Every structure is written in C-alpha cells, then in structure tokens.
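Trainee: Chains as they are written, first to last, in our numbering: chain A, 1 to 189; chain B, 190 to 467.
Just so you know, the hints here were simulated from the structure itself, not pulled from any lab data. Small disclaimer: the values here were computed from a predicted structure and weren't measured. Where hints are given, some of them may not hold.
[Unchecked claim] Chain A regions said to be covered by chain B (calculated; three or more residues, Cβ under 8 Å):
| id | segment |
| --- | --- |
| 1 | 5 to 11 |
| 2 | 89 to 98 |
[What the hints assert, rightly or not] Taking lysine-lysine pairs in the DSS-like style, the calculated list, with each CA pair at most 27 Å apart, reads:
| id | chain 1 | residue 1 | chain 2 | residue 2 |
| --- | --- | --- | --- | --- |
| 3 | A | Lys17 | A | Lys56 |
| 4 | A | Lys39 | A | Lys154 |
| 5 | A | Lys138 | A | Lys56 |
| 6 | B | Lys191 | B | Lys305 |
| 7 | A | Lys138 | B | Lys241 |
| 8 | A | Lys17 | A | Lys39 |
| 9 | A | Lys138 | A | Lys39 |
| 10 | A | Lys154 | B | Lys274 |
| 11 | A | Lys39 | B | Lys241 |
Ideal Cβ positions, reconstructed from N, Cα and C, are used throughout, including at glycine.
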Amino acid sequence: MAVWNLTAPLRQADVEKLQSGDIVFLSGTIYTARDAAHKRLDALLDAGEPLPFEPKGAVIYYSGPTPPPPGCPIGSAGPTTSYRMDAYAPRLYRLGVRGTIGKGRRHADVLAAIRETGGVYFGATGGAGALLSRCIRKAEVLAFEDLGPEAIRKLWVEAFPLLVINDGGGGELYACPDISAALAAQGTL
Amino acid sequence: MKILSASAITDAVAELCIHANRFLPKDVRERMESCAAGETSACAREVFRQLKENWILAAETGLPLCQDTGLAVFFIDVGQDVHIKGDMREAVNEGVRRGYGAGFLRKSVCEPFTRKNTGDNTPAIIHTTLVPGDTVRIRYMAKGGGSENMSRVTMLAPAQGWDGIREFVIRRVAESGSNPCPPVIVGLGVGGSFDYAPILAKQALFRPLDDINPDPDLAEKEEELLCALNRLHIGPMGLGGVTTCLAVKIAKAPCHIASLPLAVNIQCHSARHEEVVL
C-alpha cells in the first residue's frame with residue numbers, strides 16, 4: 001500500500017503506477033457531476049457537441065455539494081454512490097477521463113473500461129462531507145447551473161484524501177460480503 | 190383546548206432541520222466510538238477517524254455533516270386537545286423551506302419524471318397521527334438517498350417465518366455492500382400491510398441505538414441479526430472490518446393470515462434525526 005501525491009488532470013504515468021489499496025492525496029482541478037449532469041453530458045455527446053470540460057486526463061467527482069455558507073468556497077461536499085453513473089462512465093473513460101471519485105462498487109462494464117483505458121476509480125469517505133470540503137480551495141459552476149446541486153462545478157482541490165478502489169490492472173479493494181458466514185451465525189454475541 | 194399557531198410549528202421545524210444536520214446524535218457517536226475501538230484493520234480505523242473528525246468539524250463550523258441533507262421526513266403526533274391555527278402541512282413545509290435555506294442545506298427534492306428540482310426541498314414527507322393529549326410531537330429525519338435506495342419491501346409467505354426474514358435482511362445488507370455508507374443501521378418493519386411495514390421500519394430508525402426493545406423476543410432477534418450482519422465483514426465504507434451494522438431495530442404489527450410483510454429500511458452511519466414537543 002503506497003501513498004501518492006498527484007495533480008489533476010492526471011497523466012497516464014500518474015495512473016499506471018496506482019494499485020488498489022493505495023492512498024492518494026489529489027490536488028489540482030476536478031469536476032463534479034452526478035445523475036442529472038451525466039444525462040446531459042451523454043446527450044451532448046449523442047448530438048456531437050463538445051463537453052463543458054476537456055475530458056482528457058480529467059477526474060470526475062460524483063458529488064452534489066451543499067450551498068456555500070458565507071466565507072466558504074463550498075459547503076459540505078462528500079461522495080455520492082457511484083453505481084448510478086455506471087451507465088455513462090464507460091463512454092467517458094473511453095473519451096479520456098482518467099479517474100472518477102465516488103463510493104460503492106462499479107458495474108462490470110465500468111471495470112472493463114477502466115482496465116481498457118488504464119484508468120482508476122477512487123473512493124472517498126461517504127458521510128464526511130464537512131471534512132472533505134476543507135480540501136476544496138475554490139469552486140465555480142461550469143455548466144448546467146439550472147440543475148442546482150447537480151450542476152457541474154470546477155473544483156480546485158488540495159491534498160484531497162482518496163483510496164484507490166479499482167486500478168487499471170483489475171485490482172478491487174471492496175470486501176466481498178461473507179453471506180454464508182452471516183447465514184450460519186448462531187445466537188447472539 | 191390548547192391553541193398552537195402554525196407559525197410556532199414552522200419555527201420549530203426550521204430549527205430541527207438546521208440543528209439535526211449539524212449535530213450527530215450522542216448515541217450514534219458513542220456507538221461509532223465503541224465500534225472503532227474494536228477494529229483492527231487500518232482502513233476501518235481510518236474511516237472511523239475521518240468520521241469523528243467530520244462530526245467535530247460540523248458541530249464547530251455549522252457545515253452540514255453530509256452533503257446529502259436528505260429528504261425531510263416527519264412523524265407528527267398531534268394531541269386531540271390541540272387546536273392548530275392555520276394549515277399544519279403548509280406550516281411544516283414552510284419550516285423546511287426556511288431551515289434548508291437559512292441552514293445552507295442542499296435541496297434534494299425533484300419531480301420524479303422530469304427530475305426538475307423543486308428548489309426548496311419541499312414537499313416534505315409527513316406522517317400524522319392523532320393521539321390523546323394536548324401536545325404536538327414532531328420527529329424529523331434527514332433521510333439520505335444513498336441508504337434509502339438500498340431499502341426494500343417484500344411480502345414473504347407466512348411459512349418463511351423468522352428464518353425467511355433473517356435471510357432476506359442478510360442478503361439485502363450484503364447486496365447493498367459499500368453503497369449505503371456502512372456501518373448502517375437497519376430498521377425492520379414486520380407485519381402490518383404492504384404500505385404499513387415500511388412506516389414501521391422508518392419509525393424503528395428513530396429509536397436510540399443504545400435502547401433495548403421492551404419486547405424480550407424482539408430484543409433477542411435484534412441482537413441475533415446484528416451479530417449475523419457483522420459476520421458479513423463488509424466493514425466501514427465497505428473496506429472490510431467487523432463493523433458492518435451499528436444496530437438493528439425491529440417494529441412489528443399484526444398482519445393478514447396470508448401475509449408476512451417485511452420492510453428493510455437502511456440508514457447510513459450519519460443517522461440524523463431529532464424531535465421537539467410543542
């Protein structure tokens with residue numbers, strides 16, 4: 001388990017050394033997008049139009065922050081569950097997106113796209129939105145402002161704490177639930 | 190007959206929304222601290238460390254504990270001897286509107302087909318019960334979408350009994366894995382009807398984590414299921430560990446002789462709920 005300090009947008013050389021279980025402190029610029037924004041990104045691509053950000057090397061953060069209170073660049077901003085973006089993620093990885101940040105297991109199609117493109121899927125701690133917001137120095141709405149919390153925001157982050165869940169080599173960090181042990185459990189503690 | 194103004198309800202609701210999203214209940218903090226002490230893996234300990242730092246920071250700064258400040262769910266017990274002057278439902282929704290605005294909370298409610306955000310986190314989900322007495326008890330929960338998405342209702346056959354319930358819950362939590370922000374709290378509604386079981390399950394989630402079910406049989410079932418769920422070793426945020434579930438809470442009601450309704454309401458570790466009595 002290694003610890004890396006990386007800067008987004010990510011270069012191929014940054015990502016190919018990553019292994020599931022590694023800790024990454026990410027700095028640089030990343031983009032928030034969740035359900036409704038992904039649907040619109042997909043529609044833009046269908047129409048042959050450009051995305052509101054350069055996908056090459058980009059890191060997408062599945063997050064819908066709370067409004068910024070006075071004096072803060074952003075409100076609470078932790079990860080949302082990733083599987084809801086699985087229908088869109090393979091297309092984005094194939095366009096050059098190098099990393100996504102969320103929580104929860106990804107669909108096999110996403111894992112295939114991560115392996116194929118040498119990408120990465122990071123996990124951030126869910127329910128730690130106040131803490132994580134402290135690593136966000138600046139935020140601005142980049143697209144789809146009408147979506148409110150689901151708008152695409154450009155974030156300037158500093159040492160944002162991440163865990164590599166899925167690496168380009170097929171590594172997986174999430175524990176496989178031991179259903180048979182749970183079903184066989186007898187009595188109470 | 191006691192008279193209660195709608196504006197008093199609005200003020201109380203706004204305050205509940207803001208406060209509950211900033212301060213994690215003491216019983217939840219204590220349970221997480223005791224579970225953290227039992228973890229040996231570095232990942233599990235680090236998750237608990239971040240969560241503790243997060244609840245301290247939220248309390249100090251007023252930032253919401255989580256960016257998902259929830260669908261606003263209310264259980265309101267209205268005393269029969271109270272006369273509410275004004276529209277109670279509108280008073281609650283106005284409180285949500287104000288609380289989510291003034292508290293810089295996220296507006297997470299949208300029209301289901303167009304997905305257009307309503308812009309003020311209304312309408313709230315409001316369950317009202319008429320009870321004896323001259324007070325109004327308002328219980329509020331900020332229910333996050335990630336854990337709600339992992340919840341299920343099923344109609345078991347009576348022959349499946351407790352074994353069937355137990356297996357369904359274990360498989361549900363296992364399948365949910367890291368999605369609902371474990372360690373989770375599992376609220377079960379057993380019996381009633383297709384519509385009533387989930388209400389029982391949600392009400393069960395309001396119980397303090399350290400209480401003991403007054404029904405000894407249910408208390409034993411809660412312990413048995415908690416023990417079994419923690420054998421799944423999903424762990425905090427799904428990274429492995431001995432803490433998959435913080436507590437199991439069961440509520441039951443009589444049901445049709447043909448049915449065994451079961452609702453599994455999953456709650457994330459950021460279990461934000463508070464109540465006020467007016």
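Trainee: Which numbered conditions among the earlier hints are violated in the structure presented, ordered from lowest to highest?
Mentor: Failing hints, ascending: 1, 2, 6, 8, 10 and 11.
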